[in-house]
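**Student:** Here's the letter readout for the chains.
Number of protein chains: 2
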Amino acid sequence: MFVLMFYDVGEKRVNKVLKAARKYLTWIQNSVLEGELTPAALEALKVDVKKIIDDEYDSVLFYIWRTERYMAREAMGVKRGAVDSFI
Amino acid sequence: MFVLMFYDVGEKRVNKVLKAARKYLTWIQNSVLEGELTPAALEALKVDVKKIIDDEYDSVLFYIWRTERYMAREAMGVKRGAVDSFI
Numbered sequence: 015m016f017v018l019m020f021y022d023v024g025e026k027r028v029n030k031v032l033k034a035a036r037k038y039l040t041w042i043q044n045s046v047l048e049g050e051l052t053p054a055a056l057e058a059l060k061v062d063v064k065k066i067i068d069d070e071y072d073s074v075l076f077y078i079w080r081t082e083r084y085m086a087r088e089a090m091g092v093k094r095g096a097v098d099s100f101i
Numbered sequence: 015m016f017v018l019m020f021y022d023v024g025e026k027r028v029n030k031v032l033k034a035a036r037k038y039l040t041w042i043q044n045s046v047l048e049g050e051l052t053p054a055a056l057e058a059l060k061v062d063v064k065k066i067i068d069d070e071y072d073s074v075l076f077y078i079w080r081t082e083r084y085m086a087r088e089a090m091g092v093k094r095g096a097v098d099s100f101i
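Residue numbers (the numbering used here), protein chains in the order written: chain A, 15 to 101; chain B, 15 to 101.
Some hints could be false.
All copies of an identical chain are treated as equivalent in the list; a pair is satisfied when it fits inside any one copy or across any two copies.
List of simulated lysine to any residue pairs, SDA-like, C-alpha gap at most 20 Å [claimed, not checked]:
#	residue 1	residue 2
1	64	51
2	65	16
3	65	91
4	33	60
5	30	78
6	33	87
7	26	88
8	60	92
It should be emphasised that the hints constitute simulated quantities derived from the structure, not laboratory data. Since the structure is predicted, the reported quantities are computational estimates derived from the model, not experimental observations.
Hey, can you work out the whole structure from these sequences and the hints?
**Tutor:** As structure tokens, this is what we get:
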């Protein structure tokens, strides 16, 4: 599965969430990671994130596709993270 | 086409980018918008954003799919924007 993750969390937890997420996904841009995950890996990532976030304050979203096919990426301005696949 | 847009721009430009993007897409979360766009609308959005951003500093990414089908969304923690379609 192709997974996009974005997080909007309290400053105290940003580094912890990013560190946990980077075990599974590639950092693309501020608060944005992407990558191919098995269903089991996605569940493990969610368990790790769940331990870190404050459910009353933080927000984490996952967009999940069966495949990266049929997708295009486009970047404007500066390229930050691993965005070599961007046109 | 289903489009996801995320931006990481200088503070002085955040509101302008958001205002421009909201003419085309739905705000989901801090720096994240989504929606269905025709190719022409996507081009118009990019033209509008191009006028605002600082190419040397700001970063805007678009993920584009032919269709929203085969996609799932999952949210953890607080739901912010129009995320009623999240499970």
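**Student:** For each hint given before, does the structure comply? Return the numbers of the non-compliant ones in rising order.
**Tutor:** As far as the earlier hints go, 2, 5, 6 and 7 are violated by this structure, in ascending order.
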